[in-house]
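Protein sequences appear in the order of chains A and B. Numbering-wise, the first sequence is residues 1 to 113 according to the numbering used here. Numbering-wise, the second sequence is residues 1 to 114 according to the numbering used here.
Among the clues, some could well be false.
Stated by the list, open to error - To be clear about the criterion: a stretch of chain B counts as covered by chain A if any three or more of its residues have a C-beta under 8 Å from a C-beta of chain A, and this derived list gives those stretches:
1. 43 to 55
2. 91 to 104
To be verified - Pairs of lysine to aspartate or glutamate, EDC-like flavour, derived with a Cα cap of 16 Å:
3. 42/B with 38/A
4. 106/B with 38/A
5. 42/B with 96/B
6. 106/B with 39/B
7. 68/B with 39/B
8. 37/B with 49/B
Unchecked claim - A few chain B positions that, by computed beta-carbon distances, are all more than 10 Å from chain A:
9. 9
10. 27
11. 67
12. 78
13. 111
No lab work stands behind these hints: they were computed from the structure. Think of the CB as a built atom: it goes at the ideal place given N, C-alpha and C, for glycine as much as any other residue.
Listed below, chain by chain, are the residues.
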Amino acid sequence: NAGVTQTPKFQVLKTGQSMTLQCAQDMNHEYMSWYRQDPGMGLRLIHYSVGAGITDQGEVPNGYNVSRSTTEDFPLRLLSAAPSQTSVYFCASSLDGQLMTQYFGPGTRLLVL
Amino acid sequence: GESVGLHLPTLSVQEGDNSIINCAYSNSASDYFIWYKQESGKGPQFIIDIRSNMDKRQGQRVTVLLNKTVKHLSLQIAATQPGDSAVYFCAEPRPESGYSTLTFGKGTMLLVSP
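Only chain B is shown next, with the shape it has when bound in the complex (with noise of 0.2 Å):
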């Protein structure tokens, strides 16, 4: 399958600062896209997830962008705070598996500092 990836491995904000991070795709059919944070030594946690049916989609706190024109999408991070600290992945259904399983990107470290 199309492979998801990401531009940057680490990203370090401050408190308070908005953080944005983003997300390339190579597949111009994909069109489901979730967005994933890891904590250290936890699993995976769902986030938001958006259809391409949709440039934006708000959740709290956080918004993702998607521009299918470019394949890429990005997540943004309002007021960004300590516990927000973690790995985020995005990732898109596998069609082998009856879009019942995921493709990962290799994923971003967000660093907050206070």
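Okay, chain A solo, but in the shape it has when bound (with noise of 0.2 Å):
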């Protein structure tokens, strides 16, 4: 059981460059969520998915995409990165909802140039 997986662990773009962040998870999580940190700060929600083909916005989401096509991944989109976009991104997943089965990914280390 290796529970929620992030790749790549540390990323450099440059501005206007497009990428995807993957986050798997093999817990059968119906509830998966991605949250960005920026230095100093609380993760702030992206975007999140209560199941497969079912996704919303949350506090951040301008500048990513996301979709949910199985119950196991959910990737994280920038279409045009920007600097405002470095930040240190984290992927989760609970069983139904419920935080305290909640699991976060170890993160993925994004830098905009």
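Hints given; two lone chains; assemble the complex.
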């Protein structure tokens, strides 16, 4: 049971480039979400999904797209990276939305130049 | 939604001391809170939670106190150990997501010296 996995661990992009941050979980969790964490700050919700085929916006969704084709995967897409998107990105999953069962991945550190 | 915030950005303690990390919230309707621990280079990890029908909840070496009158909660760590060094966040569920996602406070870094 690998839990929540995220790839890559670290990425450098140039302004305007696109990329996809991968998130996968093998716990059969229905609920998945993406957060970003800026230096000295708490995590802020970007997008979330309550099940395959269903996504919704969080607190800071601009500049990011998501899709949920399968229960296991929840990729986060940056269509045109901006320096303001430099951050650490965390994916999380939970069983039935119960926050006590929520697990966070190890994070992807993104630097946009 | 309402924000959850912290009073102190950094707390330095000696090993063996008791640590107290504080958190203020602004929404009097908030009824569930979670404390997370985030070690360097890792994702947040659930420590303990508390519902608004409780004033106190204890775990292993940790206690959370909730004061609804002044909208304040605290995390107490007994006999703090070097392994407790981390950033601690309080968080509350976001109603917009059916309470399945979180709003986090800014965090307090706990530094434990031997």
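Evaluated hints:
A stretch counts as covered by a chain when three or more of its residues have a beta carbon under 8 Å from one of that chain; for the stretch 43 to 55 of chain B and chain A the count is 5, and the coverage holds. Under a criterion of three residues with beta carbons nearer than 8 Å to beta carbons of chain A, the stated coverage of the stretch 91 to 104 of chain B is upheld, 11 such residues being counted. Distance restraint check for residue 42/B and residue 38/A: the Cα-Cα separation of roughly 14 Å lies within the 16 Å cut-off, and the hinted pair is therefore satisfied. The straight-line distance between the Cα atoms of residue 106/B and residue 38/A is roughly 10 Å, inside the 16 Å bound, and the hint therefore holds.
Between residue 42/B and residue 96/B, the direct Cα distance comes to roughly 27 Å. Violation of the 16 Å bound is thereby established for this hinted pair. Proximity of residue 106/B to residue 39/B is assessed by CA-CA distance (about 15 Å); at most 16 Å being required, the pair is judged to hold. For the proposed pair residue 68/B and residue 39/B, the alpha carbon gap of about 29 Å is over 16 Å, so the pair is violated. Proximity of residue 37/B to residue 49/B is assessed by CA-CA distance (about 12 Å); at most 16 Å being required, the pair is judged to hold.
For residue 9/B, the shortest C-beta to C-beta distance to chain A comes to about 7 Å, within the 10 Å cut-off, and the non-interface label is violated. Look at residue 27/B: its CB is around 15 Å from the nearest CB on chain A, clear of 10 Å, so calling it non-interface holds up. With 10 Å as the threshold on Cβ separation, the claim that residue 67/B sits away from chain A holds: the shortest Cβ distance comes to roughly 21 Å. Distance to chain A confirms residue 78/B as a non-interface residue, since its nearest Cβ pair spans about 22 Å, more than 10 Å.
For residue 111/B, the requirement that its beta carbon stay farther than 10 Å from each beta carbon of chain A is met, with the minimum near 15 Å.
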